[in-house]
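There are 2 protein chains.
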Amino acid sequence: MRAVVCKGKGSVEETLSEVDDYAEPEVGEHDLLVEVKAAAVNPVDCKNRAGNLSGHEEKILGYDGCGVVRKVGAAVKGFEEGAEVMFAGDITKPVGSNCEKIAIDARICAKKPSSLSFAEAAALPLVYLTAWELLFENLRLPTDGSGEDLVFMMLNGAGGVGSAAIQLARHVLGCKTVIASASRPETEEWCKSLGATHILNHRNDFEEELKRLGIDKVDVCFCGVDLDDQFDRIVAIMRPGGRIGSITVGDGSKIDVNKAFFPMRLTISFELMFTRPMFGLEVERQGAILAKVAEMYDNGTLKKIDNKHLKGLNKASFAEAHELQESGKAVGKITIEY
Amino acid sequence: MRAVVCKGKGSVEETLSEVDDYAEPEVGEHDLLVEVKAAAVNPVDCKNRAGNLSGHEEKILGYDGCGVVRKVGAAVKGFEEGAEVMFAGDITKPVGSNCEKIAIDARICAKKPSSLSFAEAAALPLVYLTAWELLFENLRLPTDGSGEDLVFMMLNGAGGVGSAAIQLARHVLGCKTVIASASRPETEEWCKSLGATHILNHRNDFEEELKRLGIDKVDVCFCGVDLDDQFDRIVAIMRPGGRIGSITVGDGSKIDVNKAFFPMRLTISFELMFTRPMFGLEVERQGAILAKVAEMYDNGTLKKIDNKHLKGLNKASFAEAHELQESGKAVGKITIEY
Chain W
1103 MRAVVCKGKG
1113 SVEETLSEVD
1123 DYAEPEVGEH
1133 DLLVEVKAAA
1143 VNPVDCKNRA
1153 GNLSGHEEKI
1163 LGYDGCGVVR
1173 KVGAAVKGFE
1183 EGAEVMFAGD
1193 ITKPVGSNCE
1203 KIAIDARICA
1213 KKPSSLSFAE
1223 AAALPLVYLT
1233 AWELLFENLR
1243 LPTDGSGEDL
1253 VFMMLNGAGG
1263 VGSAAIQLAR
1273 HVLGCKTVIA
1283 SASRPETEEW
1293 CKSLGATHIL
1303 NHRNDFEEEL
1313 KRLGIDKVDV
1323 CFCGVDLDDQ
1333 FDRIVAIMRP
1343 GGRIGSITVG
1353 DGSKIDVNKA
1363 FFPMRLTISF
1373 ELMFTRPMFG
1383 LEVERQGAIL
1393 AKVAEMYDNG
1403 TLKKIDNKHL
1413 KGLNKASFAE
1423 AHELQESGKA
1433 VGKITIEY
Chain L
1103 MRAVVCKGKG
1113 SVEETLSEVD
1123 DYAEPEVGEH
1133 DLLVEVKAAA
1143 VNPVDCKNRA
1153 GNLSGHEEKI
1163 LGYDGCGVVR
1173 KVGAAVKGFE
1183 EGAEVMFAGD
1193 ITKPVGSNCE
1203 KIAIDARICA
1213 KKPSSLSFAE
1223 AAALPLVYLT
1233 AWELLFENLR
1243 LPTDGSGEDL
1253 VFMMLNGAGG
1263 VGSAAIQLAR
1273 HVLGCKTVIA
1283 SASRPETEEW
1293 CKSLGATHIL
1303 NHRNDFEEEL
1313 KRLGIDKVDV
1323 CFCGVDLDDQ
1333 FDRIVAIMRP
1343 GGRIGSITVG
1353 DGSKIDVNKA
1363 FFPMRLTISF
1373 ELMFTRPMFG
1383 LEVERQGAIL
1393 AKVAEMYDNG
1403 TLKKIDNKHL
1413 KGLNKASFAE
1423 AHELQESGKA
1433 VGKITIEY
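Protein chains in written order, with our numbering: chain W, 1103 to 1440; chain L, 1103 to 1440.
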């Protein structure tokens, strides 16, 4: 089968190549064999390419994907051949979504929203799972819309995870005050279009920005950039009893949960979407979360988060996607249709 | 009125004295004036005496208390003169429970359980509020008994907070596996009598102790001793997605929420029972929690946690209580009946 293969670690030029004779994956009893129609690129793809996170010398990158089921493992329930599915993948496997066919545990898949194209749906799984697990499982915020009075802040609102989290904060948590950080006209506009009620410029002092917005303190802060650079500024604006969530720590050298956390009754939680498949812990929860997200797309609650579309299962499109992702200038998600 | 007064900071001898002419407190509109019948001593009393936590040069220590309402502020609802009440106090006030009369915000009081004596009830408020807020508000564990499959571990099971937390883990969270740390026959016995199902000797390696107990990993760890000395050992035994709670950090120098927290999806939360009255945040929640605890005493669910009883509003009884508390050998709570 056709695939964009990544060897070792380094730049796009050093690592990525196209092949046409990659072996088709074997299908385990819990797996679906999916013909991939579209994939999305995420920061983890670039990190894995540049630093070889997964430890496989030769690997096929790509976690998000969307396609058509071509074979169903013996133990699989709820999916049939021909079904259109989306998934966020499993970082421990050497074969991801950047190829024609992937074998993927059916428990971490869900039906594609029928209102979306393959590429539009491929943009959803990784970032919605990340945001949902962090907000509603780790931080245990309510999912019944009762969080209306909470002040929610998203650092890096226009990133992929931010684009999902802003919408979940509005429509699942029910917040009336969703602050997104952005510093360019196009990112401000993007965050507002997804439901952010206030924009904070992260290049400025957080406390002064909140004062300008007429907001006292923050109840929930979701950090979508390396936490170590933001830690002290976040702690300074939290209300007592506040909850901080992060999806990346940076080098971790500045994250000292010290005495400030104690009198303020603060909570901090970290999220890695790959933990469940990695440890085999309640993996079926991921399928269930994705099914809820699909439902909210089909009933018109959530807005699309894909913003840059490329075409072709080839090195050129992946090179462009990786470069845009690594530039830090991407707004929303980058998808590639095969 | 009669009071045991603490001046400055230092040893019992240097700081504590008895007086008979201390001015009666003024009663604010939200306050009850309570004739104190009994108080309990907690580690925070010793820390405030030794280090002057509250910043008041002259202060009356004592947070836990139980007594009879003698006057009711104009804005108070739900309490009448003659009512028997218990409370955990407010560390920002210069007058605590170690005196004949205290003015205390009615919203942080509850009716004394009718099945308990004043001294037995005085043992409850501070430690139950600490454990309840940490488990069910900060860590957001369920209160409907649905936590039966969680592995719960309490470090310092025989301490006051441990004595409360073991029981809440069994009877509110619903855990079937409650591990308490203890290292002496009397503390082991005490923890078991309160409902601990397993005893872990904290002088030994935690991983080996769990292996001996036939337990794989811990879902919830409640640290009732300085966290910085235990942090690495706790992180090493947590299951992915686990939740760590602490009520004291030590010097904080070793608490670096670093990369281990990220792939493990860990959450950590800190609790100080005085935060609500200190910041004026939903203080009425404390009255509501205490009312639930009182109900669970009156319906026979919870066991008494007072274990050492002293008598007399005088320097000798407080000196004895502080020394026992500071020895680290106290089992359960120390109470003083006036």
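Just so you know, not all the hints are guaranteed correct.
Note that the list lumps identical chains together, so a pair holds whenever it fits in one copy or between two copies.
[Unchecked claim] Here are the simulated DSSO-like pairs of lysine-lysine, each with C-alpha atoms no more than 30 Å apart in a straight line: (1) K1111 with K1319; (2) K1195 with K1278; (3) K1278 with K1139; (4) K1111 with K1213; (5) K1319 with K1405; (6) K1361 with K1213; (7) K1111 with K1417; (8) K1319 with K1356; (9) K1356 with K1149; (10) K1406 with K1417; (11) K1319 with K1417; (12) K1361 with K1109; (13) K1213 with K1173; (14) K1361 with K1195; (15) K1278 with K1413; (16) K1361 with K1173; (17) K1195 with K1319; (18) K1361 with K1111; (19) K1179 with K1431.
Note that these hints are calculated values from the structure, not bench results.
Right, here's what the structure says about each hint:
1. When the C-alpha separation of K1111 and K1319 is checked against a cutoff of 30 Å, the pair qualifies neither within a copy, at 43 Å, nor between copies, at 34 Å.
2. When the C-alpha separation of K1195 and K1278 is checked against a cutoff of 30 Å, the pair qualifies neither within a copy, at 40 Å, nor between copies, at 36 Å.
3. Proximity of K1278 to K1139 under the C-alpha cut-off of 30 Å is found in neither arrangement, the shortest distances being 37 Å within a copy and 47 Å between copies.
4. For the homomeric pair K1111 and K1213, neither the shortest alpha-carbon distance inside one copy (33 Å) nor that between copies (66 Å) is at most 30 Å.
5. Only within a single protomer do K1319 and K1405 lie at most 30 Å apart by alpha-carbon distance; the minimum there is 28 Å, versus 40 Å between protomers.
6. Within a single copy, K1361 and K1213 get their C-alpha atoms no closer than 46 Å, and across copies no closer than 34 Å, so neither meets the 30 Å cut-off.
7. In this homomeric assembly, K1111 and K1417 come within 30 Å of each other (Cα to Cα) only inside a single copy, at 16 Å, whereas the closest approach across copies is 71 Å.
8. In the homo-oligomer, the alpha carbons of K1319 and K1356 lie at most 30 Å apart both inside one protomer (22 Å) and across protomers (28 Å), since each shortest distance falls under that limit.
9. With identical chains, the CA atoms of K1356 and K1149 are at most 30 Å apart both within one copy (21 Å) and between copies (29 Å).
10. Taking the shortest Cα distances, K1406 and K1417 sit within 30 Å of each other inside one copy (26 Å), while across copies they are farther apart (70 Å).
11. Neither within a single protomer nor between protomers do K1319 and K1417 lie at most 30 Å apart by alpha-carbon distance, with minima of 47 Å and 44 Å respectively.
12. In this assembly of identical chains, K1361 and K1109 lie within 30 Å of each other by CA distance solely across copies; the values are 26 Å between and 45 Å within a copy.
13. For a Cα distance limit of 30 Å, the shortest separation of K1213 from K1173 inside one copy, 15 Å, qualifies, whereas the shortest one across copies, 65 Å, does not.
14. For a Cα distance limit of 30 Å, the shortest separation of K1361 from K1195 across copies, 22 Å, qualifies, whereas the shortest one inside one copy, 41 Å, does not.
15. Taking the shortest alpha-carbon separations for K1278 and K1413, neither the intra-copy value of 38 Å nor the inter-copy value of 54 Å comes in at or below 30 Å.
16. With identical chains, the CA atoms of K1361 and K1173 are never at most 30 Å apart, being 55 Å at best within one copy and 38 Å at best between copies.
17. Proximity of K1195 and K1319 under a CA criterion of 30 Å is satisfied inter-copy only: 25 Å between copies versus 42 Å inside one chain copy.
18. Taking the closest pair of Cα atoms, K1361 and K1111 come within 30 Å of each other only across two copies (21 Å); inside a single copy the shortest separation is 40 Å, beyond that limit.
19. In this assembly of identical chains, the alpha carbons of K1179 and K1431 never lie at most 30 Å apart, being 41 Å within a copy and 57 Å across copies at closest.
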